[in-house]
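J.: What follows is the residue order along each chain.
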Amino acid sequence: MHSIPGRRLIMGLFLIFLLLPIYWLVNMSFKTNAEIVSTMTLWPHAPTLQHYKRIFTDESWYSGYINSLEYVVLNTIISISVALPAAYAFSRYRFLGDKHLFFWLLSNRMAPAAVYALPFFNLYSAIGLFDTPWAVALAHCIFNVPLAVWILEGFVSGVPREIDETAFLDGYSFPRFFIKILVPLIASGIGVAAFFCFMFSWVELLLARTLTSVSAKPIAAIMTRTVSAAGMDWGLLAAAGVLTIIPGALVIWFVRNYIASGFALGRV
Amino acid sequence: MDKTVNQKAWFLVLPVFLVVAFSAVLPLMTVVNYSMQDTFGNNQFFWNGVGWFKELLDPSTDLGGRFLASLGRNLFFSLVILAIEVPLGIVIALSMPRQGWTVAACLVILALPLLIPWNVVGTIWQIFGRPDIGLMGYVLNHIGLDYNYVSNDIDAWVTVIVMDVWHWTSLVALLCYAGLKSIPEAYYQAAQIDGASRWAVFKAIQLPKMNRVLLIAVLLRFMDSFMIYTEPFVVTGGGPGNSTTFVSIELVKIALGQFDLGKAAALSLVYNLIILIVCWIFYTVMTNAGAERKPQEGAA
Numbered sequence: 001m002h003s004i005p006g007r008r009l010i011m012g013l014f015l016i017f018l019l020l021p022i023y024w025l026v027n028m029s030f031k032t033n034a035e036i037v038s039t040m041t042l043w044p045h046a047p048t049l050q051h052y053k054r055i056f057t058d059e060s061w062y063s064g065y066i067n068s069l070e071y072v073v074l075n076t077i078i079s080i081s082v083a084l085p086a087a088y089a090f091s092r093y094r095f096l097g098d099k100h101l102f103f104w105l106l107s108n109r110m111a112p113a114a115v116y117a118l119p120f121f122n123l124y125s126a127i128g129l130f131d132t133p134w135a136v137a138l139a140h141c142i143f144n145v146p147l148a149v150w151i152l153e154g155f156v157s158g159v160p161r162e163i164d165e166t167a168f169l170d171g172y173s174f175p176r177f178f179i180k181i182l183v184p185l186i187a188s189g190i191g192v193a194a195f196f197c198f199m200f201s202w203v204e205l206l207l208a209r210t211l212t213s214v215s216a217k218p219i220a221a222i223m224t225r226t227v228s229a230a231g232m233d234w235g236l237l238a239a240a241g242v243l244t245i246i247p248g249a250l251v252i253w254f255v256r257n258y259i260a261s262g263f264a265l266g267r268v
Numbered sequence: 001m002d003k004t005v006n007q008k009a010w011f012l013v014l015p016v017f018l019v020v021a022f023s024a025v026l027p028l029m030t031v032v033n034y035s036m037q038d039t040f041g042n043n044q045f046f047w048n049g050v051g052w053f054k055e056l057l058d059p060s061t062d063l064g065g066r067f068l069a070s071l072g073r074n075l076f077f078s079l080v081i082l083a084i085e086v087p088l089g090i091v092i093a094l095s096m097p098r099q100g101w102t103v104a105a106c107l108v109i110l111a112l113p114l115l116i117p118w119n120v121v122g123t124i125w126q127i128f129g130r131p132d133i134g135l136m137g138y139v140l141n142h143i144g145l146d147y148n149y150v151s152n153d154i155d156a157w158v159t160v161i162v163m164d165v166w167h168w169t170s171l172v173a174l175l176c177y178a179g180l181k182s183i184p185e186a187y188y189q190a191a192q193i194d195g196a197s198r199w200a201v202f203k204a205i206q207l208p209k210m211n212r213v214l215l216i217a218v219l220l221r222f223m224d225s226f227m228i229y230t231e232p233f234v235v236t237g238g239g240p241g242n243s244t245t246f247v248s249i250e251l252v253k254i255a256l257g258q259f260d261l262g263k264a265a266a267l268s269l270v271y272n273l274i275i276l277i278v279c280w281i282f283y284t285v286m287t288n289a290g291a292e293r294k295p296q297e298g299a300a
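Quick mapping for you: the protein sequence lines, in order, are chains G and S. Residue numbers for the first sequence follow the numbering used here, so the first one is 1 and each next one is one higher. Residue numbers for the second sequence follow the numbering used here, so the first one is 1 and each next one is one higher.
The shape of chain S in the complex, shown without the other chains (with noise of 0.2 Å):
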């Protein structure tokens, strides 16, 4: 189906992107002009030019070398979390429930860590994994593990994975399972005609089914991911040491922990830039997949 070509369209577009330039590109302005001045407090501001983005960008200086190590902390985390979750959502997917009540109970509860907000999460997972009042240090501790995610930096990784995959999971496995619904029937009754195995109908009719979807998925993982602040904050306060502090928390920590405006801001623009290009990489697939299926479809 053609789109027609109307310029009045920007008309009812024109709602949308008051409201978003209202939020987005205003408060935007002022980052990047804090981001060439340096403050000493008392609302004087002074002319820095680019040398906070030199700093940066310079592992050697304080802020860079504290930028570019969240920086790292934080992509690996997106990485583990992408490993973990995609792949375990694909399988609890293709786990669910064929029809009946099951169904919708499934549902409901993979939902629900969805919809708790994220301090709760993290106050979840505070009290779940203290050796002292929480089931799960409780245990781990019994059984001869010496847990403590206050005080080990392992301990503590392995508590903000954990968390992410008990929070996010379902979100991939929602995806998965509504691309999977989508597939006709008759699909399968060919596969089983032809004598496909277990593994040849993954692959050749669900996971094309399902690619789709899983951009969504992996795209809102990783940039989701990538922002992430309040749980780990809640649970570990970026500790112990500087063991978990993701670039989002190293951020508020020099923005309204210390009001050091001009580093905050130039961080800033350094992270809506990566962010930027990022999301622009799978934008592009993304799109580039939905031309490419549009004229197979028109074939068929």
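Same shape as in the complex, but just chain G (with noise of 0.2 Å):
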């Protein structure tokens, strides 16, 4: 009854044609750049790990990994630690012009990147963060911080109002009733505001790389590099690209049991 004829061959179909590209990807790494321009063979004839030794072994290559995923967690950790008191004040509370603020922090997710390129540009050259991993933590807040307020207040809305008052009977002061009581209860929400938090950054590339030079480089960024003179280093490129996958299918793997839930953002 909850499902359309077919649906295992249409399923079917959709994965395959979601994981064929990946595999193509993942294919390449391991072929030597020989096999990748001379023959198309459906996998490695003479598979090699050259390409994951070079970006393994080279530090120009392996703390782009470390500069990408240190601006990430900075970000989640910034976007839930604001996002918390103000989604509880936008779940429980009336407010001065509350409507229009909310309005407003969620134009801002939806703010093209390409607009903010340059003024974030100059804004942290000016207060000297420019290629740090602060800089992108910062611009990232813009998208991040909105959809983390909208997530959370769907969860905290889902918390009875009850359990507030009769804390707030027993004596608990606010911030206590607010570590002690109310982030154990929206736990999970707070996991999936983290997760999108986590994947909204991994993935953005241009402010990334508009708001850094060497010190602190993304990964993603550092991959262009793979075109030099002598051509397409099609082989390390792909390496580059599978090892960007990882962390984002590491982080599904753990959240896999609230992947339902967490899309429809607490809100269903």
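It is worth saying that the hints were derived from the structure and are not from the lab. In this text, all values refer to a predicted model and were calculated from it rather than measured experimentally. Be a bit skeptical, because a hint or two may be false.
In silico PhoX-like cross-links for lysine-lysine, where the CA-CA straight-line distance does not exceed 25 Å [stated by the list, open to error]:
1. S/K8 with G/K99
2. S/K209 with S/K181
3. S/K203 with S/K181
4. S/K3 with G/K180
5. S/K209 with G/K180
6. S/K54 with S/K253
7. G/K99 with S/K3
Two chains, two separate frames, one set of hints: put the complex together.
T.: Structure below.
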């Protein structure tokens, strides 16, 4: 009753459509460049780890991963910690300009990154944060903070108000109530919000590339270096690409049981 | 549940307000400032008033022609991907297995493209579509299609659209799946007793339950496709010619490529304004839908 005829076939075909391009990338990352350019092979006939070895031994390559993870983690922590109290306020109270403020926040989630690239460059250069993970982490707040507020507001609204009132009657102060009672109650919501912050910060490149030059360059920007005078180093490019997929795949694996409720942003 | 009026709640919102104001309002002020001026380099600026805005909205000038053309391309792109991704996403959500380990497996694979950095998405399709080393390009050329996304406009468009469908249909599907999961079993049993057809179940039970999440999906997809930059930039670089140059690509070309700050800033403001209007329409529809739902719940 729930599903439609031929659902296995549809699902199977769609999953193949999703996986085929990724398989092709993985396949290429294990081939030598000679094999990639000269023949069309469906699997690596002379599998090699040379591209991965190069990435793991060359500091200019692997530091890119560390830089990326650094600003992603920073951004997730900042976004969640400022969004939590705000989500509580939006969920529980009415105050002057609340609706307008909420819309303003939401509209920032939708603002095109290209608009902000240049002004951000000026702003963060002026305050001396250019080329640090902080610059990228703060810049990514512009779309992650509104999203985190939005998601968490849904989860806080799911907590019955009686719980707040009982806690305050029991003599809990507001900060203590917040940390001891509310946060554990919406732990899965915080997980979901953190997942989304991680996701959007990890995949964004335009701002991350504009705000860094040498010491905080994200891996995604380093990948563009594979174009050299000797032509494209396709194998290396593919290997670097595969390695950028792995953190995301790990995060999905950890939250797989929450994906469905998480994507509804706590408000179905 | 009525909310209590409490102005002290502003203290809880203050951190968010400060963080977002710092990274949104300050830069936007710079943009407004630039949009009224012209620069010839060397940090020399000249007052230009609303000159750039006039040029921007006049298709006969170079700037206006480029802006309106890329805007048209971008709107067309957004409509095409919405027309494909929304129905496909619903079908995929309805095709999800009911229980067992396959559910988790499908969810993980569906979510995978969403967590790939956008330029890597571009790289994947750049490689996949190449006639010499990519599976798709190779196969298409061998079954007799003359496919080459670098030189042919239509092939470039098809590649960019297929790439977006690959990248984002999962988001729509996962949102719809979350909506479907919230339908109590009793609804289906009632429908079965009434002898409702498959289509009737979809129309009367499943679609209304998916309404809210679908609205979120359409909003997110429209906005993100309207500001798409990285993926088409990596695959086609906006070409061949200008055929896949979307608004963001045009903007970055003017701002960071030519360093034409005044023009870029004016374009940014108009671009932002369009997005703000569309966002406001969606927000109003969404809050109204929520307001209509509440009394019904109270009555039930």
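J.: Determine for every hint whether it applies to the structure shown.
T.: Each hint tested on the structure:
| no. | hint | in the structure |
| --- | --- | --- |
| 1 | S/K8 with G/K99 | 16 Å, holds |
| 2 | S/K209 with S/K181 | 9 Å, holds |
| 3 | S/K203 with S/K181 | 16 Å, holds |
| 4 | S/K3 with G/K180 | 23 Å, holds |
| 5 | S/K209 with G/K180 | 35 Å, violated |
| 6 | S/K54 with S/K253 | 20 Å, holds |
| 7 | G/K99 with S/K3 | 13 Å, holds |
Violated hints amount to a single one, hint 5; each of the other numbered hints is respected by the structure.
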